[in-house]
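Using the sequences and the hints, build the whole thing.
Number of protein chains: 2
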Amino acid sequence: MCLKNFFHDSGEKLMGPDIETLIQKISRLPGLGPRSARRIVIHMLKNREISLEPLLLSMSRVLKNVKTCPVCSNIDAFDDICSICSDKTRKNDVICIVESVADLWAIERTSCFRGQYHILGGLLSSLEGKGPEVLMLDKLVHRCNANGVTEIIVALSATVEGQTTDHYIKNFFSSQNIKATSLAHGIPVGGELDYLDDGTLFAAFSARG
Amino acid sequence: MCLKNFFHDSGEKLMGPDIETLIQKISRLPGLGPRSARRIVIHMLKNREISLEPLLLSMSRVLKNVKTCPVCSNIDAFDDICSICSDKTRKNDVICIVESVADLWAIERTSCFRGQYHILGGLLSSLEGKGPEVLMLDKLVHRCNANGVTEIIVALSATVEGQTTDHYIKNFFSSQNIKATSLAHGIPVGGELDYLDDGTLFAAFSARG
Chain A
1 MCLKNFFHDS
11 GEKLMGPDIE
21 TLIQKISRLP
31 GLGPRSARRI
41 VIHMLKNREI
51 SLEPLLLSMS
61 RVLKNVKTCP
71 VCSNIDAFDD
81 ICSICSDKTR
91 KNDVICIVES
101 VADLWAIERT
111 SCFRGQYHIL
121 GGLLSSLEGK
131 GPEVLMLDKL
141 VHRCNANGVT
151 EIIVALSATV
161 EGQTTDHYIK
171 NFFSSQNIKA
181 TSLAHGIPVG
191 GELDYLDDGT
201 LFAAFSARG
Chain B
1 MCLKNFFHDS
11 GEKLMGPDIE
21 TLIQKISRLP
31 GLGPRSARRI
41 VIHMLKNREI
51 SLEPLLLSMS
61 RVLKNVKTCP
71 VCSNIDAFDD
81 ICSICSDKTR
91 KNDVICIVES
101 VADLWAIERT
111 SCFRGQYHIL
121 GGLLSSLEGK
131 GPEVLMLDKL
141 VHRCNANGVT
151 EIIVALSATV
161 EGQTTDHYIK
171 NFFSSQNIKA
181 TSLAHGIPVG
191 GELDYLDDGT
201 LFAAFSARG
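For the record, the sequence lines run as chains A and B. Here our numbering is used: the first residue of the first sequence is 1, the next is one more, and so on. Here our numbering is used: the first residue of the second sequence is 1, the next is one more, and so on.
Think of the hints as simulated: they come from the structure by calculation, not from any bench. Take the hints with a grain of salt, since some may be wrong.
When chains are identical, the list treats them as one kind, so a pair holds in a single copy or across two.
[Said to hold, decoys possible] Computed list of lysine-lysine pairs in DSBU-like fashion (alpha-carbon distance at most 30 Å, straight line):
1. Lys25 x Lys67
2. Lys64 x Lys25
3. Lys25 x Lys46
4. Lys64 x Lys46
5. Lys25 x Lys91
6. Lys64 x Lys170
7. Lys25 x Lys179
8. Lys130 x Lys46
9. Lys130 x Lys88
10. Lys46 x Lys91
11. Lys170 x Lys46
12. Lys88 x Lys64
13. Lys46 x Lys139
14. Lys91 x Lys139
15. Lys46 x Lys67
16. Lys170 x Lys91
17. Lys46 x Lys88
18. Lys179 x Lys64
Here the structure is a predicted model, which means the values were calculated and not measured.
Listed below in structure tokens is the structure:
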């Protein structure tokens, strides 16, 4: 009985360099590891026509067509500016500031907001040495002046970096004669009081109305 | 406040059909869902050069090169027969029967076995109406006779379907004058007695030695 091999996952020997490389590459995607990557590759190889080929086609289309919008930094398939910036039915005088494309998508899914977006280049972080230059606010101010923007909605995560950046941006715009608001803090919808952390409960009490 | 949208994940509106299609396709892979697919797509789009492009290249290589071995049904990149079947250093007189390519890879990772493999087309299952024809044993018997095989190792999962199939195969080969053995049942290496299920403990006692 060879016990030595029971205690480590010795990788992808003897399965051909092509499959091995693909498993390695997939295992580096966020949330995946060698085991889930192996499972995905086996699934793709067993279902070439309905999984591997369409996925390959779809990925090459995305690689070819999708780019970053020069106005709001959204990623999308477009010619000059993204579908949100070019949508005439959306308001031009409200800009929502988000940290990432994922946050933009999350807000779009709620259908609550029909204005424009601005995606930050990052958040302020003294630990990572990120100062105000990462926020690229000059570009935003220029955009606000050009479009007569009256309100900036700062929609950042309720983390230390998010709230520091929120504060900085609101402070920055107070001198520009543009109203800057933030998302409300409070009890999440469906949340039970008993399971809430103290900070959230405190925020919900303070902002009651 | 629009609550109606808080309670469902309304899909990928307003993010362009190409990205939407890719997220849908990735979310159908085993172990993934819409959220993890979205995270993966954002990661790929943010890291085109080091993630999306190499992955695309690797997938197209696999699609082009990898096929199913006509002898053992292993999947690999090869010309006539797979790297295991064509390996002259491996024994030809022992064949290990496994359910799937994943199981073959698992056994190869242990480096314990240096014989040939046979991947079954499925397991016997009365619930799913799968009879002995899914096992394709005729092909295996033909292979055994052609190569002078002396031992068949049945390495199937310890599930109801796996053990039924194990029984059927051993019975089948008892009439062919070929020795058929199965993997041992017992305590998994590193396992604590206290946490073992009754069936495993019973099997470990019965097969003590």
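Q | Same-copy or cross-copy closeness of lysine 25 to lysine 91 [CA-CA at most 30 Å] | A | Classified as neither: same-chain Cα gap 42 Å, cross-chain 33 Å, threshold 30 Å.
Q) Taking 30 Å as the upper bound on the Cα-Cα distance, should lysine 46 and lysine 91 be classified as within, between, both, or neither? A) Answer is between: at 28 Å across copies they meet the 30 Å cutoff, but 48 Å inside does not.
(Q) At most 30 Å between CA atoms: does that hold for lysine 179 and lysine 64 within a copy, between copies, both, or neither? (A) Close neither inside one copy (39 Å) nor across copies (57 Å); limit 30 Å.
Q.
One pair to classify: lysine 64 and lysine 25, alpha carbons no more than 30 Å apart. Within, between, both, or neither?
A. both (20 Å within a copy, 17 Å between copies)
Q: Using 30 Å as the alpha carbon limit, work out where lysine 91 and lysine 139 are close: within a copy, between copies, both or neither.
A: within (19 Å within a copy, 69 Å between copies)
Q | Alpha-carbon proximity context of lysine 88 and lysine 64, limit 30 Å | A | within (26 Å within a copy, 45 Å between copies)
Q. At most 30 Å between C-alpha atoms: does lysine 25 with lysine 67 qualify within a copy, between copies, both, or neither?
A. both (22 Å within a copy, 20 Å between copies)
Q. 30 Å Cα cut-off: does lysine 170 pair with lysine 46 within a copy, between copies, both or neither?
A. between (54 Å within a copy, 28 Å between copies)
Q: State whether the alpha carbon distance between lysine 64 and lysine 46 is at most 30 Å within one copy, between copies, both, or neither.
A: both (27 Å within a copy, 14 Å between copies)
Q | Within, between, both or neither, where lysine 46 and lysine 67 count as close if Cα-Cα is 30 Å or less | A | For lysine 46 and lysine 67, the Cα distance is within 30 Å only across copies (10 Å; inside one copy 32 Å).
Q: Give the relationship of lysine 64 and lysine 170 under a CA distance limit of 30 Å: within one copy only, between copies only, both, or neither.
A: Cα proximity of lysine 64 and lysine 170: none, with 38 Å in one copy and 54 Å across.
Q) When no copy is named, should lysine 130 and lysine 46 be tagged within, between, both, or neither for a Cα gap of at most 30 Å? A) between (46 Å within a copy, 19 Å between copies)
Comparing the model with each earlier hint shows violations of hints 5, 6, 7, 9, 18; every other hint is respected.
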